Structure formats: C-alpha cells, structure tokens
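Peer 1: Read off the chains here:
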Amino acid sequence: MTPSELELAVARLCAPAGGAMPTVRHRATASAGATRSTHIVDIDDIAAVVQLRHRESALQTMSSTTERAVVGAAMDAGVPGASTIAAGWMPEIEADAIVSAFLTGETIPRRVLRLAPPDTPLAATLTADCGRALAALHSVDDSQLEVIDELPRHTELSYLEHLHDLLDALPTAHPALRFGLAVLATNRPEPQAMRLVHGDFRNGNLLVNDGGLAAVLDWELAHLGNPMEDIAWLCLRTWRFGHESHPVGGFGDLGRLRAEYEASGGTWDADGFRWWTIARTIWWGAGLATQAASFERGESESLVHAASGRRVVELEYDLLNLLGDDHGS
Amino acid sequence: MDRPSADQLRDAIAASRAGADDLDADEARYLERVASNLEGILEREALLLDDATAATITSFSTLVAGGPPDPPSAAEDQAASLRHTLDRRLRDGLLTPTDEVLAALRDDAARRLAIARPGYLHPAT
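Protein chains in written order, with the numbering used here: chain G, 1 to 329; chain W, 1 to 125.
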C-alpha cells in the first residue's frame with residue numbers, strides 16, 4: 001500500500017454521501033506491522049489518525065463499525081476518547097479502518113511514567129481520571145448499545161472455559177496456570193450486572209498529557225462483563241513497569257482509584273476484583289505462551305514473540321504469590 | 001525448560017540484528033534491548049538451568065507419585081513430562097490444589113525466574 005493509495009481510500013471513506021471527497025494527505029506512519037498499522041493524515045488540513053486492520057486481522061477482531069458504536073456509547077457516558085470521523089471496510093487497500101480525531105499526548109508506558117511519575121500531582125490526577133473514566137464506562141449497560149448482539153459476553157464461568165481452552169491449545173504445559181484455574185473454579189464471585197468493559201484498559205492504551213487522561217484508546221476487545229475485569233487488568237503487576245508499589249499502571253494507588261470510582265457511581269466488588277486479578281494474570285500468561293508458540297510454529301518472526309516464552313514465568317510467579325495461602329485447600 | 005529453545009532464540013536474535021537497518025531508530029533500539037536481555041537469559045541458563053531442572057524433577061516427582069511411571073528420558077524431557085502430568089491432573093480434578101502443590105509450583109517458578117528475570121524475584125505489593 002502506497003501513501004497515495006491510502007489517501008484515496010481515506011478520502012472515499014470520509015466523503016459524505018453525495019458530497020465531494022475531502023483532500024487527504026498522508027503525514028506519517030506511526031506504526032506498521034504485518035496485520036495492522038496506524039497512520040497520521042490531514043483531512044482538509046485537520047489532523048486525524050487512521051488505524052488499519054488488514055484482511056486477516058480484520059476477520060479476527062471487532063469490526064470498525066462496531067468499534068465506532070462502542071466508542072460513541074462510551075464517550076456519551078463521559079469516557080474521554082478520540083471522536084470517530086469515519087469507519088468501514090476500504091476495498092481499495094483491503095483493510096478495515098477507523099478514522100479518529102488526532103489528539104496529542106503520550107501512550108508509550110515508560111514515557112507516560114516519565115510525564116506522570118508516581119507521587120506527583122499529575123499521577124494523582126491521572127489515577128482519579130482513570131477512576132472516573134472507568135465508572136462512566138461501567139455505567140453503560142446493554143440498553144445503551146446499538147451493537148449489543150455483536151459484542152461478546154464474559155461471565156466468570158465462560159471465562160474459565162476460555163482459559164482452559166487457551167491452555168489446552170498450548171504445546172507447553174503450565175501447571176501453575178492450571179492451579180490458578182482450579183482455585184478460581186471454586187471461588188467464583190457473586191454474579192454482577194453485565195456492563196460495557198473495555199477489555200484492555202491499561203497503561204499503554206491511555207493517552208496522557210499534562211492535563212491527565214486525554215483519551216482511552218484501542219477498543220477492539222470491548223465486551224459485556226463484570227466491571228472488575230477492567231480494574232483488575234489495569235492493576236496487574238505487568239503494567240507497572242518497575243513501579244511495584246503503585247498498582248494503578250505504575251503511577252497510582254488503589255485507594256485513590258477506588259475512591260474516585262465509587263464517588264463517580266461505580267460499585268467496587270472486592271471479591272470480583274481479586275477473582276479477575278487472578279483470571280487476567282492467567283490470561284496474560286497464556287497469551288505470552290501463545291505468542292511464543294506462534295514463533296515456534298513459524299507463524300511469527302517477531303523477536304518479541306520469541307522472547308515471550310521466557311516471560312510466562314513472570315505471570316506464573318505473580319499468580320502463585322497472589323494465591324498465597326488463600327486457595328481453598 | 002521454557003520454550004522456544006536456546007538455539008531458536010540465538011537464531012532469532014541474529015535475524016533481528018541482521019534486519020535492524022530497515023527499522024526506525026526507536027524500534028531498532030527496542031529490539032536491541034530485547035535481544036540483549038535474551039542473551040543475558042541464555043547466559044544464566046547455561047549456568048543455572050541443569051540444577052533448576054533437577055530440583056524441579058525431584059519436587060514434581062513427589063507430587064505425581066502413585067501415577068503411571070514415566071519412561072526414562074533426558075532431564076529436560078523428564079521435567080516437561082512431569083509438568084504435563086501435573087497440568088492434566090489439576091485440569092481433570094485428579095490433584096487437589098493444596099499448600100504442598102502450591103509450594104512446589106512456587107519454588108519451580110522462583111528457580112526459573114532467577115534465570116529469566118532475577119530482578120523480578122519479589123512479590124508485588
């Protein structure tokens with residue numbers, strides 16, 4: 001795909017029905033992989049971000065039109081986000097695209113942590129912003145989503161089955177992760193009302209500037225489920241990047257996040273938070289093992305995927321420490 | 001004990017470095033950091049892996065005692081086989097997740113982490 005092919009495809013996608021095509025200029029490629037890429041463009045001199053999922057990846061993830069509806073519902077509820085300009089399939093370049101407003105800020109975790117180091121006013125603001133954003137997001141139920149039938153639903157039971165399936169599909173055995181599943185099976189939290197869950201709300205998908213949280217990005221894993229899934233994921237050790245005593249993304253403390261979440265209307269469920277912390281630790285351990293397996297099978301040439309196999313033990317170690325003596329034996 | 005194998009990792013590191021000129025500076029720096037970390041892991045594996053594997057075989061053998069005996073094999077194969085047996089028994093409810101199992105798994109994880117990322121060896125708060 002050349003820049004001019006992308007410009008034409010974006011212009012067609014963004015053209016109003018029966019109206020003239022805008023002028024599109026490709027400014028930069030922010031990231032480019034085999035299955036997805038992100039580009040910065042000007043559309044009639046207004047900066048925008050184009051995220052492309054190429055054919056194979058597009059079939060495996062949420063469609064851009066569904067993602068647009070999800071982002072719209074979340075933003076209507078008060079979640080900071082990047083407004084969607086257009087979304088849809090681009091036949092010219094065989095990619096599913098979502099075109100969003102360009103916002104300035106940092107997303108790379110280590111840069112976020114340099115901008116908002118722990119125990120600074122900006123880190124406190126960012127933590128509170130996350131609490132408010134999560135409460136707003138989790139106020140969205142299935143009555144507020146037009147695309148409800150297209151979103152997966154995660155119950156604790158279905159998620160346990162999903163995790164077993166992931167482990168069963170691996171070429172390597174991980175008894176530590178399986179131990180965690182055995183504990184989860186006997187300690188399921190009380191069922192909660194299903195709410196919109198981002199699915200990947202963590203340091204890395206948060207656009208941060210000197211005012212705090214500017215936008216929540218990357219909604220393709222959104223689904224309906226227990227809100228504690230999002231909060232647990234945000235607080236996993238893996239996303240702290242060495243700032244161990246600041247569970248919220250390495251920049252914030254849990255008390256502040258919880259206080260702001262509850263003050264903004266969220267309902268905190270400690271049992272659910274613990275259950276989902278364990279479940280999501282298992283999921284990421286299995287995810288890293290899956291990446292390593294894809295390298296071994298020759299489906300990926302990524303050095304990062306090759307290295308993932310040596311990182312699974314980090315998640316196993318975290319999991320076994322989380323379980324401690326409280327595993328129902 | 002963990003996969004891909006050391007040889008596969010060495011090949012992947014070499015391939016990544018050979019392609020570094022085609023990348024932008026940030027990405028090249030990031031991949032070099034990954035490669036350098038992997039080289040450190042491989043060096044520690046050469047020093048520590050045999051002892052770690054032997055300790056895991058001893059520990060896991062106790063947990064699965066009473067099950068069908070495994071055929072004699074190389075230490076790494078034997079450890080993988082024991083891991084597989086433990087995994088299946090936990091999955092099928094044939095092994096209860098007791099303190100003893102937890103302790104054995106935690107010790108195994110600590111030994112492997114001492115090789116993969118020694119700086120990570122303390123519980124998060």
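Hints listed in this document are in silico derivations from the structure and should not be mistaken for laboratory results. Hints should not be assumed to be uniformly reliable.
[Stated by the list, open to error] Pair by pair, the computed Cβ-Cβ distance ranges are:
no., chain 1, residue 1, chain 2, residue 2, range
1, G, R110, W, P118, 17 to 25 Å
2, G, E146, W, T58, 52 to 60 Å
3, G, R110, W, A15, 35 to 43 Å
4, G, A270, W, L23, 26 to 34 Å
5, W, H122, G, L122, 37 to 45 Å
[What the hints assert, rightly or not] Sample of chain G residues facing chain W (criterion: CB under 7 Å; computed from the structure):
no., residue
6, L103
7, R114
8, L115
9, P118
10, D119
11, L122
12, L166
13, A169
14, G287
15, T290
16, A292
17, V304
18, A306
19, E314
20, E316
21, Y317
No experiment lies behind these values; they were computed from the predicted model shown. Glycine is no exception: its CB is placed at the ideal position from the N, C-alpha and C atoms.
Peer 1: For each hint, tell me whether it holds in the structure or not.
Peer 2: Each hint tested on the structure:
Checked against the given bound of 17 to 25 Å, the beta carbons of R110/G and P118/W, roughly 21 Å apart, stay inside it. A hinted range of 52 to 60 Å for the beta carbons of E146/G and T58/W is consistent with their spacing of about 59 Å. Between R110/G and A15/W the beta carbon distance is about 26 Å. The supplied range of 35 to 43 Å is therefore violated. One distance hint, 26 to 34 Å for the beta-carbon pair A270/G and L23/W, is violated here, with the actual separation near 45 Å.
For the pair H122/W and L122/G, the beta carbons lie near 28 Å from each other, so the given range of 37 to 45 Å is not met. Look at L103/G: its Cβ only gets to about 20 Å from chain W, farther than 7 Å, so that hint breaks. Interface restraint check: R114/G against chain W, minimum CB-CB distance 15 Å, threshold 7 Å, status violated. Nearest Cβ of chain W to the Cβ of L115/G: about 17 Å, over the 7 Å cut. The hint is violated.
Residue-level restraint check for P118/G is violated (minimum Cβ-Cβ distance to chain W is 12 Å; threshold 7 Å). Hint status for D119/G relative to chain W: violated, with the closest Cβ pair at about 14 Å, above 7 Å. Given hint, L122/G at the interface with chain W, is violated; its Cβ is 22 Å from that chain's nearest Cβ, farther than 7 Å. Nearest Cβ of chain W to the Cβ of L166/G: about 12 Å, over the 7 Å cut. The hint is violated.
This hint is violated: A169/G has a C-beta 13 Å from the nearest C-beta of chain W, more than the 7 Å allowed. Because the beta carbon of G287/G sits about 15 Å from the nearest beta carbon in chain W, more than 7 Å, this interface hint is broken. The interface hint given for T290/G is broken, as the beta carbon of that residue sits about 12 Å from the closest beta carbon of chain W, more than 7 Å. A hinted interface residue such as A292/G counts as satisfied when its beta carbon comes closer than 7 Å to some beta carbon of chain W; here the least separation is about 6 Å, so the hint holds.
Against a cut-off of 7 Å between C-beta atoms, the interface hint on V304/G holds, since the closest Cβ of chain W lies about 6 Å away. Because the smallest distance between the Cβ of A306/G and any Cβ of chain W comes to about 4 Å, under 7 Å, the interface hint for this residue holds. At about 6 Å, the closest approach between the beta carbon of E314/G and any beta carbon in chain W falls short of 7 Å, and the interface hint on this residue holds. With a cut of 7 Å, the hint placing E316/G at the interface with chain W holds, because the nearest CB-to-CB distance is about 5 Å.
Nearest Cβ of chain W to the Cβ of Y317/G: about 4 Å, under the 7 Å cut. The hint holds.
Of the numbered hints listed earlier, those contradicted by the structure are 3, 4, 5, 6, 7, 8, 9, 10, 11, 12, 13, 14 and 15.
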